[in-house]
Every structure is written in structure tokens, then in C-alpha cells.
Amino acid sequence: MNWKLFADLAEATGESEPEVDAADAATVGEALDALLDAHPALAARVLDDDGDLRGHINLLRNGRDIREGEGLATPVDEDDELALFPPVSGG
Amino acid sequence: MTGLALDSTQLDRYSRHIILDEVGPAGQQALLEGSALVVGAGGLGSPVIQYLAAAGVGRLGVADDDEVERSNLQRQIVHADADVGRPKAESAAEYVRRLNPDVDVEPHETWLDAGNAEDLIGGYDIVVDASDNFGTRYLVNDVARLTDTPVAHGSIYKFEGQATTLRPDGPCYRCLFPEAPEPGEIPDCASTGVLGVLPGTVGCIQATEAVKLLLEAGEVLDGRLLFYDAMDMTFETVPYRRNPECPVCGDEAIDSIEGIDYDHGCSVTAD
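Residue numbers (UniProt numbering), protein chains in the order written: chain A, 1 to 91; chain B, 1 to 271.
By construction, these hints were calculated from the structure, which means they are not laboratory data. Each residue gets a CB set at the ideal place from its N, CA and C atoms; glycine is no exception. Heads up, none of these hints are tricks.
Now the stretches of chain B that chain A is said to cover, found in silico as 3 or more residues with beta-carbon under 8 Å: (1) 42–55; (2) 133–142; (3) 157–164; (4) 175–188; (5) 228–242.
Okay, the calculated beta carbon distance ranges per label pair: (6) D65/B - G14/A: 33 to 43 Å; (7) A54/B - E78/A: 45 to 55 Å; (8) D12/B - L47/A: 57 to 67 Å; (9) S15/B - A44/A: 51 to 61 Å; (10) D50/A - D148/B: 33 to 43 Å; (11) D119/B - D24/A: 55 to 65 Å; (12) G69/A - P168/B: 22 to 32 Å; (13) D119/B - G14/A: 41 to 51 Å; (14) R224/B - G69/A: 15 to 25 Å.
Throw the hints in and build the complete structure from the sequences for me.
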């Protein structure tokens, strides 16, 4: 799958479209684990103390919020587009 | 509407609106009879104030408690070099008065807070969120919902922008982002820098949405979050839905903002 990171999340990995080897990931959660294993600084930014995705971080699969599917248990295919985005506040 | 309320100077000034079928004399009249509150007279607020004033929005509120600094002028185009040190609300109001005598501009030299937000926001047809911090953004969302006021939201970060429109019957900002990051978690423009023209693009999108809301025309950005990336020059929209568990617009929504700490996370504590 292809990841896309927005705003300050891209700075935690150094790139907005990080390459992650997660060909065997069956769910969004497994794909996220692979991304965060490769980029621990991003994990600190998007996970809370319990290891859950923080409330202000959104995860999209092919442009759809995973909360509209099965959350982190939502199935993924290798050619899916996954995106993580936070709110921004500048004006 | 026959448009007879428009005088000859107005027929001339707004002629390019009036000949549009989608606006026409009735639409222009609606703009002249409409009102908008712009929260923030900074990078986003500058083009919003300029275009809403040019469009003839009859009553235009500008809320900002800041003063113009020289480092603002790279992007806050409603202010000029001679305005450094002046209150932004007053500097922006003077720009509006020079541009269009049809507009009754109301500068509010005040920080929008839980004590004044309902009176301020509730006094206008629509609100444009051009603020620069999460606390104000969540406050605008919550109070706008409680007062049935539509919001044209925009926000920026370095080279990226987000825009969405919140209608009283649609999803709200908390459906997308239930709580704010803690203060300092996402750096602000002063520490990260921002491409000067970025808020121009995003603010113009907000102004477009504001005009459409007042005209009740077109498809507004409700239930959609628009991402703009100035470096890649890409626009993407992502749909989002009303969250039934949203504390502000869900099935068990709050009826006041009492108890919400807008300085720390903006959490709505259920009890």
C-alpha cells in the first residue's frame, strides 16, 4: 500500500510518501504498525499512551475515513492508498 | 425580487455580479443585506475581508485583538507598512471603508472567548474562521453550532491548507477532529514559517464559500475537507460524515459551552 502523510506528520518521517514494506498486511492496523515500526518518531506523534490512534489523527483508506469502515480492522489490499492527517491551525 | 433597491451606483459597481444568472439583482441584494463575521484579520482573514467587502456584504465584522507587526506584511495583505503598530481590526476596517462605502464594517478589537463568542457570532448570518489557534477554532465551531450559524473554515501549515464549510444541519469540525492537539504540539507560523501566498489561496476559498452561503447558491464544502498543497499544486477533497456521538452536533449534543477548556485540548467532558 501507498502511504501519504499530511502537515507535520510528514516531518516526523522526513517524507510525505514514505515507502514501507508491508506487503503481507491484511488490515489497516497491520499496515499502520509497519509504518510506525519504520518511523518511531511518527508513532510518538500519532499514538496515545495506550497505543491507540489519537483523537485528532484521521486515517483514510482510498479517501474514506476508516471509522466509516471497520476501523483498524478494515481490510487492505497492496495497491490501496492510506493517508494520515492531523488538523492544522495556522491563519 | 426586482432589484429596484439597488441604486444606479450599485448597479454599476456590482454589474458583473448582476449579469450572472446565479447572482442577479436578487443575489446582489442578498449580499448587501447579508452579514459576516471574520474571526482573525491575519493571513487568511486579509483576502476574506477584501473580497467580502468588494462583493458588497452589507455588514462585515472583523474580530482581532492583535496589532500589525512588520513580519505580518509578507502575507497579511489587508495591512500596509504604515499600519505597523495599529490594531489589526482597525487597519482592516479602514481598508474596507476605502474600498466600498456600501459596507458597514464593524471592527471588534477583542479576543474571541467563551464570554463574548455567542453574542458576536450570533449577531451575524455567517462566520469565517480565519483564526490562528485551535482554541479559537473549536470555540467558533461550538458556538456557531449552538447559534445555527454556518462557518467557512480555513487553516494553514507551511505550504498546506485545509478548508471545509460547516452548516447547521451538516457535520461539524469535531466530527472530523473530536479534540484539539495540546497547545504547542503542532508548531505555529511564527516558529515554522509559512509561504506568504498560501493563506491567500485558502482565504479566497473561504471567501468563495462565504459568498455562496449568503447567496444560497452552488455546492458548498459541507461534509468535505479540501486539502491544498502549494508545493505539489494539488487539491484533494475527502468526504466526512456527521458523527452520531459528536458532543457538539451528535444525538446527545451539548446545549452550552460551559465547562469546555478551550486553552487545553477543547475536550467536551461528558458527565
